[in-house]
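Protein sequence lines, in the order shown, are assigned to chains B and Z.
For what it's worth, our numbering labels the leading residue of the first sequence as 1, then goes sequentially.
For what it's worth, our numbering labels the leading residue of the second sequence as 335, then goes sequentially.
One should not assume that every hint holds.
[Claimed, not checked] Listed below are the simulated DMTMM-like cross-link pairs for lysine to aspartate or glutamate, each with C-alpha atoms no more than 20 Å apart in a straight line:
no.: 1; chain 1: B; residue 1: K299; chain 2: B; residue 2: D131
no.: 2; chain 1: Z; residue 1: K405; chain 2: Z; residue 2: D454
no.: 3; chain 1: Z; residue 1: K633; chain 2: Z; residue 2: D465
no.: 4; chain 1: Z; residue 1: K555; chain 2: B; residue 2: E88
no.: 5; chain 1: B; residue 1: K221; chain 2: Z; residue 2: E422
no.: 6; chain 1: B; residue 1: K16; chain 2: B; residue 2: D131
Quick caveat, the hints were computed from the structure, so don't treat them as lab data.
There are 2 protein chains.
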Amino acid sequence: MYGPGDVRVEDRPDPKIEQPADAVIRLSATCVCGSDLWPYRGTDSYGWPAPMGHEYAGVVEETGDEVRTVKPGDFVIGSFFASDNTCEICQAGYQSRCTRAEPVGAIGTQAQYARIPLADGTLVPTPGLPDPDMVPSFLAASDVLGTGWFAAAAAEAGPGKTVAGVGDGAVGLLGVLAARQLGAERVIAMSRHEPRQALAREFGATDIVTERGDDGVAVIKELTGGYGAHSVIEAVGTQESMMQAIRSTRPGGHVGYVGVSHGTLPATELFFSGVHLHGGPAPVRRFLPDLISLIWQQKIDPGKVFDLTLPLEQAASAYQAMDQRRAIKALLQP
Amino acid sequence: MYGPGDVRVEDRPDPKIEQPADAVIRLSATCVCGSDLWPYRGTDSYGWPAPMGHEYAGVVEETGDEVRTVKPGDFVIGSFFASDNTCEICQAGYQSRCTRAEPVGAIGTQAQYARIPLADGTLVPTPGLPDPDMVPSFLAASDVLGTGWFAAAAAEAGPGKTVAGVGDGAVGLLGVLAARQLGAERVIAMSRHEPRQALAREFGATDIVTERGDDGVAVIKELTGGYGAHSVIEAVGTQESMMQAIRSTRPGGHVGYVGVSHGTLPATELFFSGVHLHGGPAPVRRFLPDLISLIWQQKIDPGKVFDLTLPLEQAASAYQAMDQRRAIKALLQP
Numbered sequence: 001m002y003g004p005g006d007v008r009v010e011d012r013p014d015p016k017i018e019q020p021a022d023a024v025i026r027l028s029a030t031c032v033c034g035s036d037l038w039p040y041r042g043t044d045s046y047g048w049p050a051p052m053g054h055e056y057a058g059v060v061e062e063t064g065d066e067v068r069t070v071k072p073g074d075f076v077i078g079s080f081f082a083s084d085n086t087c088e089i090c091q092a093g094y095q096s097r098c099t100r101a102e103p104v105g106a107i108g109t110q111a112q113y114a115r116i117p118l119a120d121g122t123l124v125p126t127p128g129l130p131d132p133d134m135v136p137s138f139l140a141a142s143d144v145l146g147t148g149w150f151a152a153a154a155a156e157a158g159p160g161k162t163v164a165g166v167g168d169g170a171v172g173l174l175g176v177l178a179a180r181q182l183g184a185e186r187v188i189a190m191s192r193h194e195p196r197q198a199l200a201r202e203f204g205a206t207d208i209v210t211e212r213g214d215d216g217v218a219v220i221k222e223l224t225g226g227y228g229a230h231s232v233i234e235a236v237g238t239q240e241s242m243m244q245a246i247r248s249t250r251p252g253g254h255v256g257y258v259g260v261s262h263g264t265l266p267a268t269e270l271f272f273s274g275v276h277l278h279g280g281p282a283p284v285r286r287f288l289p290d291l292i293s294l295i296w297q298q299k300i301d302p303g304k305v306f307d308l309t310l311p312l313e314q315a316a317s318a319y320q321a322m323d324q325r326r327a328i329k330a331l332l333q334p
Numbered sequence: 335m336y337g338p339g340d341v342r343v344e345d346r347p348d349p350k351i352e353q354p355a356d357a358v359i360r361l362s363a364t365c366v367c368g369s370d371l372w373p374y375r376g377t378d379s380y381g382w383p384a385p386m387g388h389e390y391a392g393v394v395e396e397t398g399d400e401v402r403t404v405k406p407g408d409f410v411i412g413s414f415f416a417s418d419n420t421c422e423i424c425q426a427g428y429q430s431r432c433t434r435a436e437p438v439g440a441i442g443t444q445a446q447y448a449r450i451p452l453a454d455g456t457l458v459p460t461p462g463l464p465d466p467d468m469v470p471s472f473l474a475a476s477d478v479l480g481t482g483w484f485a486a487a488a489a490e491a492g493p494g495k496t497v498a499g500v501g502d503g504a505v506g507l508l509g510v511l512a513a514r515q516l517g518a519e520r521v522i523a524m525s526r527h528e529p530r531q532a533l534a535r536e537f538g539a540t541d542i543v544t545e546r547g548d549d550g551v552a553v554i555k556e557l558t559g560g561y562g563a564h565s566v567i568e569a570v571g572t573q574e575s576m577m578q579a580i581r582s583t584r585p586g587g588h589v590g591y592v593g594v595s596h597g598t599l600p601a602t603e604l605f606f607s608g609v610h611l612h613g614g615p616a617p618v619r620r621f622l623p624d625l626i627s628l629i630w631q632q633k634i635d636p637g638k639v640f641d642l643t644l645p646l647e648q649a650a651s652a653y654q655a656m657d658q659r660r661a662i663k664a665l666l667q668p
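In isolation and in its complexed conformation, chain B is listed as follows (with noise of 0.2 Å):
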């Protein structure tokens, strides 16, 4: 990306082993992700130009003397933060924040090749080679699956509870089908475009919300006995829908936000919420074995979140596409 709304394909020089504990992985396949969307519309600004992608699923070409659980020809997924795996932040499930995280964002996936920093600690291979037409749902495990997941996770979902959900990605869409997967009774997905209320029945939605805003939350409390949904999945980031989030949920209950928060929340109307708060960058790498042990067994298809398919070559349409909302979520083939 050259600058806001400016996405080039290049040739680059091919990534090389450059550590003892990395390995160099061939893309199977690659995406643009909702995040990627803050700098395409200006919001965030990196240095330019800034090479994209941190999602990414393939077959492992090389590897550097130290790596030892993966090997050549392993087909591996890893998350968007390398961890070394073994240090106390990792060890407690919060690998997104292991003390030698490197974003794998600043190497950039959206690419036939690429570079992986401790390897070891971040990829983890499937039981074998999978149908290509798996190959879509291990590609959301990188991230979007990873991160819809810990939201459920850290919004509590589970047996018994009332889930809603304030997003339509394929982040708050995937948080539907982790709900569900997790035991909720119910899941409320807030949504106003069809195509994606379709897709969240699809994953587990029991109930469709189209309202937004203050408006959305009086319909969640009246649909939860005037007391709010116990778990809220907030997976947008702006300061409204962070807003919405909380004050859908009942003092208690627990919101889960994954969404890249933007603004500031006021304090006071925090505390008397009495809510619980939790999110960030998704530790994915504490759900990866799980997840493609459940994508491997076909018990999910996360993959539907895909409804764009291009040649990398066509990355510019793929983010123009998200950026206006025609896709959920675009597969870039290297």
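Guided by the hints, dock chain Z onto chain B, whose structure is given.
This is chain Z only, laid out in the frame that chain B set:
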């Protein structure tokens, strides 16, 4: 209170039973809360003149027709929010946000008598009439002990955990006591005041940190292998203290915040902190039976936070002493 800094003790009509669920109590002791200093200092504005005080322990004088669980002559303690203790929010342990909650502060317990709404849900009797020297501890249970306990519980203080406390007022000090009672391995009190440090140690603090703000954060990091504390109690309520608490917490750790929050929180920093945030007006009622039992058995002595005792008539001096930090907490004898 007639306005910031203007506290007067006046004769007012004795409270009467207004609703069948009411009780009228004769206060054995009352006190000034750190949160009473917000209007005293002009930070928060009320409709003047405002009755003051929301902490109380005393003897039931009279009950309304519906009251079943307490009777005249019982020594009782209640929280600063009256609650029915039966609604879904109460049953989940969030009585301060009961759907029928009534703020006792609007009635005012810095008085000889007080009307307590929803007496069955609100008041908890002691096993018998306490010795006078135990009254301060029971009074502490009404707010500062219950609030400190909630903060420690919200911060998930427990075995194996390092807990840090921001704020050395009565709530912060009793948060230290609660963290130790909940089994925390290490409890770091942040305080620059010698007598408060001494009381923190008496309540179980293992370390004292005198630095504040980002310097304090750096010391907490240093004491915790660079990670930050597992659990942090925030008991001040300013934007600075909240950021100090968040920054002192490791990713995935828990902040329990009970200082009445002011200002705003930067959402992006909160997002990347990866902490759990939970707090608000403490549901003291949830903890009262256990706290009363611990005090009755003389296992804890939270009444030690009262380092100034004055007759109710001298309430203005009590406010002054707390405002100037000459007293940790002032008990008023009605």
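Notebook entry, point to check: Straight-line Cα separation of K633 (chain Z) and D465 (chain Z) no greater than 20 Å?
Noted result: With a Cα-Cα distance of about 15 Å, the restraint between K633 (chain Z) and D465 (chain Z) holds, given a limit of 20 Å.
Next item on the list: Below or equal to 20 Å on CA atoms is what counts here, so check K221 (chain B) against E422 (chain Z).
Entry: holds (14 Å)
Margin query: K16 (chain B) and D131 (chain B) were given as a pair; does the straight-line alpha-carbon distance stay at or below 20 Å?
Written below: violated (28 Å)
Next item on the list: Given the hint that K405 (chain Z) pairs with D454 (chain Z), test it: the Cα-Cα distance must not exceed 20 Å.
Entry: holds (10 Å)
Next item on the list: Take the C-alpha atoms of K555 (chain Z) and E88 (chain B), compute the straight-line distance between them, and say whether it is at most 20 Å.
Entry: At roughly 14 Å apart (the allowed maximum being 20 Å), E88 (chain B) and K555 (chain Z) satisfy the hint.
Margin query: So if I understand the rule, the pair passes when the alpha-carbon distance is 20 Å or less; does K299 (chain B) with D131 (chain B) pass?
Written below: With Cα atoms ~15 Å apart, K299 (chain B) and D131 (chain B) stay inside 20 Å; holds.
Violated hints amount to a single one, hint 6; each of the other numbered hints is respected by the structure.
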